[in-house]
Every structure is written in structure tokens, then in C-alpha cells.
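Use the sequences and the hints to build the structure in full.
Here this note's numbering is used: position 103 in the sequence shown is 103, and no number is missing along the way.
Misleading hints may appear alongside valid ones.
Stated by the list, open to error - In the EDC-like style, the derived pairs of lysine to aspartate or glutamate whose C-alpha atoms are separated by at most 16 Å in a straight line are: (1) K139 / E120; (2) K258 / E238; (3) K131 / E250.
As the list claims (entries may be wrong) - DEER-style ranges, computed between Cβ atoms: (4) Y256 / R312: 16 to 26 Å; (5) C171 / E316: 51 to 61 Å; (6) E177 / W318: 48 to 58 Å; (7) S39 / S271: 20 to 30 Å; (8) E316 / E177: 24 to 34 Å; (9) A306 / G28: 34 to 44 Å; (10) Y234 / K77: 23 to 33 Å; (11) D57 / M214: 32 to 42 Å; (12) E112 / K211: 36 to 46 Å; (13) G28 / K107: 22 to 32 Å; (14) E177 / G242: 19 to 29 Å.
These aren't lab readings, by the way, just hints derived from the structure by calculation.
Heads up, the beta-carbon is just placed ideally off N, CA and C, and yes, glycines get one too.
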Amino acid sequence: MSTKFISGRVLEGRLGRYRILNLAHEGGMGIIYWARRVSDGLDVAIKVPAVKGDGHDGERFRRLRREMRILKDLSHKNIVKYIDEGVNMDFLVMEYLNGGSLKDIVKSLDRETALKIFREIVDAIGYMHSKGYVHGDIKPSNIIIVDGRPVLIDFGTARNIVSSRLTLFECNALTPEWAAPEQFEKQMFKETDVYQLGLLLIYLLTGESPKKYMVDGKPMLSQKLDKRIKDFIYRCLEKVPGERYRDGFEALKALYLKAYLIREDEKHIVSDYYTIGRGDGNSLKINDPYRYVHRYHCLIYYNAYAASYYIRPLEEKWRHKYNYPHVYRDGRYIKINDAFRLEDGDRIALCYNVRRGPYIEYIFKTF
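So this is what it looks like as C-alpha cells:
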């Protein structure tokens with residue numbers, strides 16, 4: 001099959017007929033055309049394998065067929081939409097994305113917008129992982145921005161998690177700057193996507209190649225970045241896949257999880273370093289006329305590596321080590337005398353006495 005279509009040629013799909021309007025992009029693996037569905041005038045993108053006669057055309061066709069199967073199984077606002085496929089020839093019909101790539105706008109992004117775009121991409125990757133697929137080629141040129149909405153494209157490298165070995169041809173076709181270490185060994189996992197997400201966040205926050213910030217395979221990040229962001233990137237870019245976040249949803253939780261404390265009509269947003277006590281200078285100052293709660297009672301802090309909040313007593317500020325915080329879980333009060341991992345719905349008791357019971361309690365909630 002020739003990949004050089006003449007403008008105006010009509011292709012027969014399973015669900016419609018499509019008239020070629022123009023060439024949109026030509027790459028080493030495939031060619032994309034701007035086309036229009038004859039029945040209703042819907043603009044679409046049509047992808048066909050690039051035929052080069054170099055001995056790898058069969059693999060290009062297999063990649064496109066796999067891409068069709070995967071996209072047909074996905075439905076997410078930040079993933080390019082499958083529309084149709086060819087009847088007597090291999091072509092994939094997708095939604096037409098009228099926008100530029102992330103590369104075109106990255107320099108103009110403020111931090112808040114960059115983190116919003118990143119959150120949507122991580123959510124899309126988490127969704128893919130939940131469906132059993134790995135993308136394997138997350139990079140700025142594969143993210144199109146349409147009216148502020150990032151859309152992930154090019155699923156030629158994507159595959160089922162249980163059959164995720166790359167061929168030598170695919171390894172050679174990788175963009176080295178954006179590949180995870182294991183991809184050069186023809187391996188790909190959910191954690192491979194997580195590695196590429198770490199690189200992508202560096203790019204979004206700096207507008208520069210992440211390679212510039214990698215020294216001996218490790219990121220060297222500005223001290224101006226928030227600790228949560230730095231810890232997130234450090235874990236994403238661990239060399240060993242098993243030391244990264246397990247999948248997109250765990251990565252999403254690590255970077256964007258927030259928490260609050262509830263007591264009657266009170267609701268307090270918890271920061272990444274949040275102190276509680278009756279003394280001035282605490283994040284949450286407790287009104288305690290009985291002086292049971294220490295001036296500096298306990299600390300709730302966020303650990304981005306573990307993607308969790310922890311609580312511990314502020315013992316270094318206590319004169320006497322009593323009236324420890326407790327956490328009520330599974331029907332019992334647990335004394336907190338060291339770092340303790342909090343779960344959504346835990347009740348934090350500021351002082352607990354076996355005879356008297358809890359003194360002041362807050363419900364810990366995440367969102």
C-alpha cells in the first residue's frame with residue numbers, strides 16, 4: 001500500500017467514508033492526514049503506516065493494528081478518541097485535534113497551569129494502567145493542547161502490561177531524552193510511564209529539556225521547588241522500576257493528595273507541615289482552657305515518597321512526655337509515640353485517657 005495519498009481521495013472505513021484533505025504529519029512509523037467524513041462533514045485525523053521498504057514495514061503495520069485495538073478500548077477526555085478504522089486497508093480514524101503540541105506553549109505556562117496540565121496527563125495514564133495498558137512514549141510532542149485541554153496521542157508504542165517487551169526496532173526508534181532506562185533493555189512496565197512523567201514535570205516547570213537537569217542518571221533540582229514536587233520527581237526518576245510509584249494513580253495521589261481536619265462545624269485544610277497545639281505559632285491553635293493539650297502537641301506532615309500523611313508527637317518541645325496524641329482506628333485508640341501513617345477517616349484524639357476517654361478529636365479526611 002502506498003502511503004502517499006492524493007488530496008481528495010476517499011477511504012472506506014467500517015463506520016463511514018473519509019475524504020483526504022491534507023497531510024498533517026509524517027513520521028518514521030506513521031503518516032497522519034487531515035480528512036473529513038463524507039456523511040456529516042466531521043473533521044478527523046487518519047493514521048496509516050509509513051511504508052519505507054526498509055524491511056520493517058510489517059512491524060509498522062502490526063504497531064498500527066495494536067494501536068487501533070488499544071484506542072478502541074479507551075475512553076478518557078485526555079486521550080485521543082478512536083472513531084473508526086479501515087475496511088480493506090489498514091488505517092486508524094481519530095478525533096481531529098485543532099491545537100499545537102505542548103512544545104509550542106510550554107514557555108508561556110505559569111506554575112499553576114503547568115501543574116493542572118500535568119494532573120490531567122497523570123490521570124489519563126492512571127486510567128490507562130487501570131485498563132491494563134502502558135503508553136511508553138510520554139513526551140511533549142505527544143501531548144496536544146486543545147483549548148487548554150491536554151490530549152495524549154501516538155499509542156504506537158502502547159501495549160498490554162502483560163506483554164510489554166519492546167522489539168529492537170522499537171528500541172532504536174525511542175527518543176533517548178524521554179526514554180526510561182529499562183526501555184533500552186527492551187523492557188516496559190507501568191513504572192516506565194511513571195519515569196517519563198517525572199521527566200515531563202521537569203519540562204513543564206522549567207520549559208527546558210529534562211536532560212539538562214539529569215546528572216549521572218539522577219535529577220538535580222532547584223532549591224526553589226516545593227519539597228513535595230522535588231520528592232515526587234526524585235521517586236519517579238529512580239533507576240530501578242520497583243522503587244518508583246507503582247502506577248499513574250499512585251503518582252497522582254503522591255503529588256496532588258490533600259487533607260483536612262473536621263470537628264463539629266470546624267474544617268481546617270492541612271498543609272504539608274502542620275503543627276497542632278494550644279500555643280501561638282501552631283498551624284492549628286487549640287482553644288484549651290484546661291491546658292491538657294501541650295503548647296506544641298503534634299505534627300501532621302506529608303511524605304511524597306510514600307504518598308501519605310503521617311502524624312507524630314512534637315516531643316522535642318514537651319517538658320513532660322504525657323498526653324500523647326492517639327488515633328482511633330478499627331475500634332481502638334492507638335497511642336502515637338512515633339511517626340504513624342494516617343488513613344482517610346481516622347479520628348485524631350488530642351490526649352486520650354483510658355478512664356476519661358478522648359479529650360478533643362478531629363476527623364482526618366483526604367481529597
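These are the hints, each one checked on the structure:
{"no.": "1", "hint": "K139 / E120", "result": "14 Å, holds"}
{"no.": "2", "hint": "K258 / E238", "result": "24 Å, violated"}
{"no.": "3", "hint": "K131 / E250", "result": "15 Å, holds"}
{"no.": "4", "hint": "Y256 / R312: 16 to 26 Å", "result": "23 Å, holds"}
{"no.": "5", "hint": "C171 / E316: 51 to 61 Å", "result": "52 Å, holds"}
{"no.": "6", "hint": "E177 / W318: 48 to 58 Å", "result": "51 Å, holds"}
{"no.": "7", "hint": "S39 / S271: 20 to 30 Å", "result": "55 Å, violated"}
{"no.": "8", "hint": "E316 / E177: 24 to 34 Å", "result": "45 Å, violated"}
{"no.": "9", "hint": "A306 / G28: 34 to 44 Å", "result": "41 Å, holds"}
{"no.": "10", "hint": "Y234 / K77: 23 to 33 Å", "result": "30 Å, holds"}
{"no.": "11", "hint": "D57 / M214: 32 to 42 Å", "result": "35 Å, holds"}
{"no.": "12", "hint": "E112 / K211: 36 to 46 Å", "result": "25 Å, violated"}
{"no.": "13", "hint": "G28 / K107: 22 to 32 Å", "result": "27 Å, holds"}
{"no.": "14", "hint": "E177 / G242: 19 to 29 Å", "result": "23 Å, holds"}
Of the numbered hints listed earlier, those contradicted by the structure are 2, 7, 8, 12.
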